[in-house]
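All chains, please: the whole structure from these sequences, using the hints.
There are 2 protein chains.
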Amino acid sequence: MTIPAPYLLYLGHSDDEIGLKTSRGLAAFRQHDCVGEWRHDDCPFTLGLPRMDAAAGYAAGARTLVLGIANPGGRFPDWLIGDALTAIRAGLNLACGLHQRLCDVPELVAAAAAAGVSLFDVRDAPETLPVGNGRRRPGNRLLTVGTDCSVGKMYATLCLRDALRARGIAADFRATGQTGILIAGEGVPLDAVIADFIAGAIETLAPARDDDGWDLIEGQGSLFHPAFAGVSTGLLHGAQPTALVLCHDPLRPHMRGLPHYSMPGLAECLEANLRVAKLTSPDVRAVGIALNTAKLDEASARRLCAETADALGLPCTDPYRFGAEPIIDLLLEPACAASSPFATTASR
Amino acid sequence: MTIPAPYLLYLGHSDDEIGLKTSRGLAAFRQHDCVGEWRHDDCPFTLGLPRMDAAAGYAAGARTLVLGIANPGGRFPDWLIGDALTAIRAGLNLACGLHQRLCDVPELVAAAAAAGVSLFDVRDAPETLPVGNGRRRPGNRLLTVGTDCSVGKMYATLCLRDALRARGIAADFRATGQTGILIAGEGVPLDAVIADFIAGAIETLAPARDDDGWDLIEGQGSLFHPAFAGVSTGLLHGAQPTALVLCHDPLRPHMRGLPHYSMPGLAECLEANLRVAKLTSPDVRAVGIALNTAKLDEASARRLCAETADALGLPCTDPYRFGAEPIIDLLLEPACAASSPFATTASR
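Chains A and B are the protein sequences, given in the same order.
Read in order, the letters of the first sequence are residues 0 to 347 in numbering that gives the first Met the number 0.
Read in order, the letters of the second sequence are residues 0 to 347 in numbering that gives the first Met the number 0.
For the record, the hints were derived by calculation from the structure and aren't laboratory data.
All clues stand as given, with none of them false.
Distance ranges between label pairs, derived from CB positions:
1) Ser261/A / Pro206/B: 19 to 27 Å
2) Asp210/A / His98/B: 33 to 41 Å
3) Arg274/A / Leu257/B: 15 to 23 Å
4) Ala114/B / Ser261/A: 52 to 60 Å
5) Arg274/B / Gly212/A: 29 to 37 Å
6) Ala113/A / Asp171/B: 51 to 59 Å
7) Ala114/A / Asp171/B: 52 to 60 Å
8) Arg274/B / Gly90/A: 53 to 61 Å
9) Thr1/A / Ala169/B: 50 to 58 Å
Each computed SDA-like pair below joins lysine to any residue, with the alpha-carbon atoms no more than 25 Å apart:
10) Lys277/B / Gly264/B
11) Lys277/B / Cys148/A
12) Lys20/B / Val130/A
13) Lys277/A / Arg274/B
14) Lys277/A / Asp248/B
15) Lys277/A / Asn139/A
16) Lys277/B / Arg274/A
17) Lys277/B / Ser149/A
18) Lys277/B / His259/A
19) Lys277/A / Ser149/B
20) Lys277/A / Gly256/B
21) Lys20/B / Asn132/A
22) Lys277/B / Ala207/B
23) Lys277/B / Tyr260/A
24) Lys277/A / Arg251/B
25) Lys294/A / Gly322/A
26) Lys277/A / Leu257/B
27) Lys20/A / His253/A
28) Lys20/A / Asn132/B
29) Lys20/B / Pro129/A
30) Lys277/A / Glu267/B
31) Lys277/A / Glu270/B
32) Lys277/A / Lys277/B
33) Lys277/A / Leu331/A
34) Lys277/A / His259/B
35) Lys294/A / Gln30/A
36) Lys277/B / Pro206/B
37) Lys277/B / Ala266/A
38) Lys277/B / Gly256/A
39) Lys277/A / Ala266/B
These figures come from a predicted structure and were not determined experimentally.
Glycine is no exception: its CB is placed at the ideal position from the N, C-alpha and C atoms.
Now the structure itself:
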């Protein structure tokens, strides 16, 4: 599956800002491939892109309309189908990350066939996946892990990729969630994979590489989330990471959706992730902490990063706000030179 | 899904003894519900049941023909469909634990509709499962965990159930694999559940109970298996076990299918399982070790159980061969009275 760019981002009649996170992620990390946004007069949000409808988007070069709206339940809003048909008839492919599938709407399937365009249901898992084999494979791989769900793992992973590329180092983003897949144009929607194939899916997603480049693998969930730790465990094992970066939202009051579960400490969380990762990657080390400081003022954010770095002996930054440089510095340093107990490869 | 008993067990033309493990499990744990075995002249195996065909099975009281044959790939052998049609026409329901689905064979679907019988594809996951919530729920729950896959977790779980019942204590087996589901008549095929729902599926399978009885939950995989540890992790979190029993095959040379992965030590494996389980069940404790000693002579088996019990300070038995009594004794003892470091609920 490779979704043709450039993209027109569909906001429609959306009145829920959080529901726009997929479109917002594309606007942030694929900005040169986003020709515009299509929103109706009652949509109070903008991604800062030129406003245009399907026909204007096609004329401006767009090849895929991204239905980048998420909502509880993952069903299509009523008003979406009509606009989707308009887009198909304008010559645009459609891509969607909701649970409900474009390919299950006969009207869309027929229209797409007639127009010669494709429907991409990003949450569809590949039909054939292997079970994991845990065989050591060559290559540099970094995995982002988190204290919780939705703490900034995808943003951190993409910022790390961009920082490596800025230094002239080959770096590929390996997407595991629907927003990441739309940004990368490919990937595995891990939340739709059958349980037995989690690790195998990631072995396939980030195969052996023999250059000096890096695979940057998007993490999911948290070892400390009682619903999703299984996914995080399989992801750690399949990734065989050389390096881990721990992502955290310092203002999160408790585990997402679970007021009865407190957040883990950063050191405890790092230790648990390194311990699990060592099963398939004995030399794994931590190379940094990524904080999501979007809701802190700059002085507080910088102070918190400095304090966290001191406490753990690892570089700490908000990679989207302040850059990923401190983490990249340690990542590219030989393992033996590191001073933090989390960043050495000695057996723990 | 409740599969009507009694059962006729189908061996057909099978020439692979390992492939009969589902039928063998039923003959061992549902023996009063197994009226006979249906095998052709070229099948060299027997389960020790009266031999009869579909019509004779129905006449003997059978209501379901269990296609209890497993093979690599999980596809139907050529010769199975004809016999399945014969069984349907004889009035039998069909149950199957292979990956290939009875309901995907139009000929069988049509014949079953005409005969008024049902087709049970045991590996179908429930269509709607919740994500886990980790909320503490009342009830006594025991989960079997393993050093590896296929080390005897299902047999141990069933033996523990039977031993509790023999003492007059209410005890229910909660099945998580296809053989277990056929034995229990219900359950969740965890290897077919979508990754995000592993823990939620188990919360549903073993809900709160307010009697003094026990849920005995069948474990899957191993925290030390690089392909399946994610499943084992989600199972530990969803189960919220009060008690763990560690299952092990002392003759297993390396992790199943992976000569490049050595088996974990029993103490290391117990510690890892207790650590993961504590996220949702802080008071969890280990109550015993179950060894599969089928390939050892009796003196060696008893010696190994005694040595293992000494080494870990926990009761150790082969529950299928020597009974589960030592484990049940500790299970029913108050947590504070236990002497092993694995069997106390003090924080580790």
